[in-house]
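Undergrad: As given, the protein sequences belong to chains A and B, one line each in that order.
Under this note's numbering, the first residue of the first sequence is numbered 7, with each subsequent residue one higher.
Under this note's numbering, the first residue of the second sequence is numbered -5, with each subsequent residue one higher.
One should not assume that every hint holds.
Stated by the list, open to error - Result set (SDA-like, lysine to any residue): computed pairs, CA atoms no more than 25 Å apart in a straight line:
(1) K26/B x R381/B
(2) K717/B x R29/A
(3) K66/B x Q31/A
(4) K468/B x D491/B
(5) K474/B x D761/B
(6) K745/B x E709/B
(7) K523/B x C549/B
(8) K264/B x S289/B
(9) K699/B x R11/A
(10) K745/B x D16/A
(11) K739/B x M7/A
(12) K199/B x N433/B
(13) K23/A x D491/B
(14) K69/B x V64/A
(15) K66/B x R86/A
(16) K69/B x N70/A
(17) K529/B x S555/B
(18) K149/B x V396/B
(19) K69/B x V95/A
(20) K699/B x M17/A
(21) K739/B x Q31/A
(22) K739/B x R137/A
(23) K94/A x L74/B
(24) K264/B x Q252/B
(25) K471/B x P458/B
(26) K375/B x L263/B
(27) K739/B x K94/A
(28) K264/B x P280/B
(29) K120/B x G83/A
(30) K23/A x D716/B
To be verified - Residues of chain A clear of chain B, computed beta-carbon distances all greater than 10 Å:
(31) R175
(32) H304
(33) P390
Unchecked claim - Label pairs and their computed distance ranges (CB to CB):
(34) S362/B x E144/A: 46 to 56 Å
(35) L134/A x G72/B: 39 to 49 Å
(36) Q641/B x Q19/A: 27 to 37 Å
(37) D16/A x V349/B: 22 to 32 Å
(38) Q32/A x D761/B: 55 to 65 Å
(39) L115/A x G72/B: 45 to 55 Å
(40) S362/B x G328/A: 54 to 64 Å
Since the hints were made in silico from the structure, they are not lab data.
Model, not experiment: these values are computed from the prediction.
Don't be surprised by glycine CBs; every beta carbon is placed ideally from N, CA and C.
This is what each chain is made of:
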Amino acid sequence: MLESRNPDIDMAQLLDKIGLELRLQQKSIAGGRNRVASEELAINDPYSWGQLGSTLNVAEQNVNAGAEVTSMLHYRGIMRKIARFLGKVTVFLGRVITIPQRNFNSAILQSLRITLDGVRDMNRNTALVERQVRQIDEQLKKKSALIDYLKTGLITQERRVSILLEELRREVTAKDGSQEAPSPHLTGLDILDPLYLAFENQFRGTREEIRDRLLQYVPLMREAGAGAPGREILDIGCGRGEWLGIMQDEDLLASGLDLNHVLVQECREKGLKVIENDALSHLRSLPENSLGAITSFHLIEHLSFDDRIALFDESVRVLKPGGVALFETPNPRNLLVGACNFWADPTHLRPLYPETHQFLMEYRGFCKVELLFLHPHEGEQRLPETEAPQLAARLNEILSCARDYTVVGYKA
Amino acid sequence: MNPVAFVIPWFGQNLKGGAEQLAWQVSNRLAKRGHKIEVLTTCCSSFLEDWSSNHLPSGAEMLDGLLVRRFKVDKRNGDLFNQANSYALAIPPENLRAGINPFTFGTGELFVAENINSLALERYLKWNKKRYHAFVFLPYLYGVVLNGLPHVADKSFLQPCLHDEVYAYLPEVENIMRGCRGILYNSLGEERLAHNLFGPGIDRKGEVVGVGVESFDLTQQELPRQVAGLDLAEEKYVLCLGRRDKTKNTALLVEAYQEYRKNHPESRLKLIIAGPGEEQFGASVPGVYDLGLVSEPDKEALLSRCTALFQPSRNESYSRVIMEAWFYNRPVAVHGECLATAMAVDAAGSGWLAVSREDWAHLFHRISSMEESELLGLGEKGREYARQYAEWDAVIDRYESVLGLRSAQILKEKTQHRTSPWTIHQLVPGFAHGDAISNQTMIIRDLLKQKGYKSEIFTEHIDPSMTHEARLFKDGKGIKADVGLIYHHSIGAGLTDFVINHPGPKSLIYHNITPPELVRDADPELALKLEQGLKDLNRLAPYFPVSAGDSRFNCRDLEESGFASPSVLPICIAPEKWNIPVDANMMTRLQDGRDNILFVGRLVANKCQHDLIDAFAEYLAMYGNCRLILVGGFIEQESYYQSLKEQVRILGIEGDVFFAGKVTDNTLHACYRCADLFWSMSEHEGFGVPLIEAMWFDLPVFAYKSSAIPETLGEGGLLFTDKQNLKELAAAARLLMHDPDVRGKILSGQKQRRKVFLPEVIRLKLDEFIRGMNV
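Excised from the complex, chain A in its bound form (with noise of 0.2 Å):
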């Protein structure tokens, strides 16, 4: 399609530039980028601080405009003279115009220095700041990593010391000769099992719901890697086995836990993976670096402060590393939750404050810890804020605010 008279022009090459150019185009999404550029090529000012410097020059060389008379170079001879002359009387006689006028050029000269010279060390320091900042947050980041490694180490320390000091505690009393106390763990219920079943049934939700709710856990198991083989996840206190149930639907290697027997038997039924063990003994009962997550839902706040803390420290060591942990458990900071609907539930100890639970699990070894706030009252539920719109978004807020969060936490 392209022709030329042009000797010099070899056409087939010509066409294989352009063939080539248009695969380039067709690499690279350059058009959007390019434009870009030439706007702030447009927004550049051509002329910068060293032309501000000396147009400041030109302002001050004509400071003194009418002082004196120019040099009339463009007259000759005698009509130079004369010129000079009669602008010398201009000049006298413009006085009374001229040293004011002076006296407020060299005023705001002046200030125009000092401002300029403001400026000027307001961008230097800008600058020094800038990198400062940037030097710090560099820092922070590799402080941060080192905490992490560190928080791991230690408590894997601890968790050593502890032992040692049971197995010396048991050669002790061996020696004495007495028998082995019972560990006071999570203690049974057994009897009462089938009524926690009904109680569940009733006041928990229906299982859909349930398995609604618990859905949004799955990228999480994702993302973290966990329920690939050799990453298996654990669901402490499984329950009628909702989430065990979605897990195997999506393909994720999971089992569950639960100490009540009739639940244990329920899931067993359904085809689900459960053991019936409480959870302490069994996660000791694992090697470190065996899991890629734990879940538990409304399991904690079943469990004394001292098995709470033996439970994340545990989950910390099985837990191999970059895996997840996260505990579910009614939010306090609904009112309603906090002073009624959490003591539904005969066997719940006491609502767990969601900071203090955070706090706890960082200082037990978890890494980027966080908390996530669920379920709020939405719709008619909510008090319409059409009225009296101040008071009805306070009472939302702490009424109809999320009922549970989950505190997320991560094995360095």
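Go by the hints and put chain B onto chain A.
TA: Same frame as chain A, now just chain B:
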């Protein structure tokens, strides 16, 4: 013959400075050839002294056979000058733009007024102009030249010794460059710089005379074999000669050599550096020898035996050392971005260009593997070039011919034109400033007058500013029955009946009528006028045995209308039209870092600006950073303009398409100067004057193949036959703007093509045409 005067602020044999040395050499050498030469200068002794002191006595003196007249300098205010000077020097060089005055706030006037000036010299020039054959002013940036030249502009030759520095952008410099009769350049690079700064208007009055190098005068003496302990005959080395300095890029060369040695550790090729300068280079690099300043014989010896000379500096205005290397048949390598040296090497074909460190490193490798015979072959080409531009004899020959000092030229000037009692008038429908057809009629008139005819231009409509060039046509008043008549036909002329009835000898020149069907949809009224114009052509045919069209394409219309064997008389296009100031506002606006694509032509549907906008939008999407400039008249109500505006709005490129409207020549000058590509999608051009104008501005022309366009373009430009594939067109446009190889080839083709339309070429055809009229 009257003497030739050299005008320069300072004159003397031992003055430092390129221009001062040049003036001394040239004036003396011309005087030795027997020409009457005078030097007009000031009583100030040198550049380094106070410019308002008269160190030397005023008056005439003989100096080595030259008559030197000295004039007193004016008093001046040195402080003001220094302030203005430092103001200008504070501007970063990368902010300088052609056509934009950097000396703002009156600093330019101060710079000129408080420069070295001599009213006495100016007065002498004014009153004694007739006594001289010609004046040569040099260099460009002093008051004596800036203020003196305008007094004798029509006899003045300017030897600017131009550099790319802030002073070159001073409007007073542009003023003397435009005003002088001829310009003498020292190098091709300087000529190119002037073209870049002032446009093609000054192109044809410039001549590269070159600068002689004294070593060519010396008979080759015995040169030392050893320099600084190195046996030159045994060594193989690259030489870098000249100031050793950061600004001269010496460090880059050393780095490149280091890289070369890293890749080729076995190489025996050395790098020898010599010249003045404080810093020491390459002390830690094996194979590099920095000799510092060397004696003249040592320098000659180094040059004569080097493998090649490498000159990596980016800011050279004229490199003497290159010429010296060529004198010894040695090839040279120079920095590809240094205008002066790169153009010399390119023109001589005796060496290589390099830019990056890798380029230089590669060059080391390349020459180390070249045979001596090959190097010698290249060097000989250089010697050939140096003979032409650096041997004083050849240089002085060129001065003689430019200044009109050859005896043959003098004879020619004295030839008188014969006079004839005959009259040939021209009749043209409209006459306006800057219009190509109006210009054509003026050229024809001048030619007729030169040939001794009486001749005037009559027109129906005249631009008020042009009344001194043409007369208004009123019922044939002033045109006698027996005079010859050339009738220029285009549309809507009420002249048809008059010319048919004119009894004297007559001829017709046809300037094309747009086919009515192309514009009927957009403008039915115009279509009717065009139809009438074509019908008139049929009526005219039997009465005009002699006829011509602008192009072969136009002649087809004539033949179809019944004209017998029309001839082709192309429109004259000379770059001198652009020897006018450029619109500074437009220059500022268009030189903002974006590429500019230009089309010049009225906004009418058959010129297909709508297709161009579509193609441009595609280009913009692919590459960005570009602007489309559409120059051409439009009336706000005209529906085609409105539809174009709408099209641009829908495409969302309002900020990227600039409708310049009908513009003055100064603004059009700015558009051409700032453009990077001339792109036409037009489907009807009777001739296409802007295509050739674009060639003079060194814009690659990219045009749709239609009507007379291929005929006008000839071997210039690049044609396309398909408007549909916008992506391919955009890619081709990109190459034309940014691929040095493609662009270079297109431009060199265009440089040839544009010559075809120069008045002196067209004149031969005009001559023949007028003879055919048998007046």
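Undergrad: Among all the numbered hints in the text so far, which are the ones the structure does not match?
TA: As far as the earlier hints go, 3, 13, 22, 27, 39 are violated by this structure, in ascending order.
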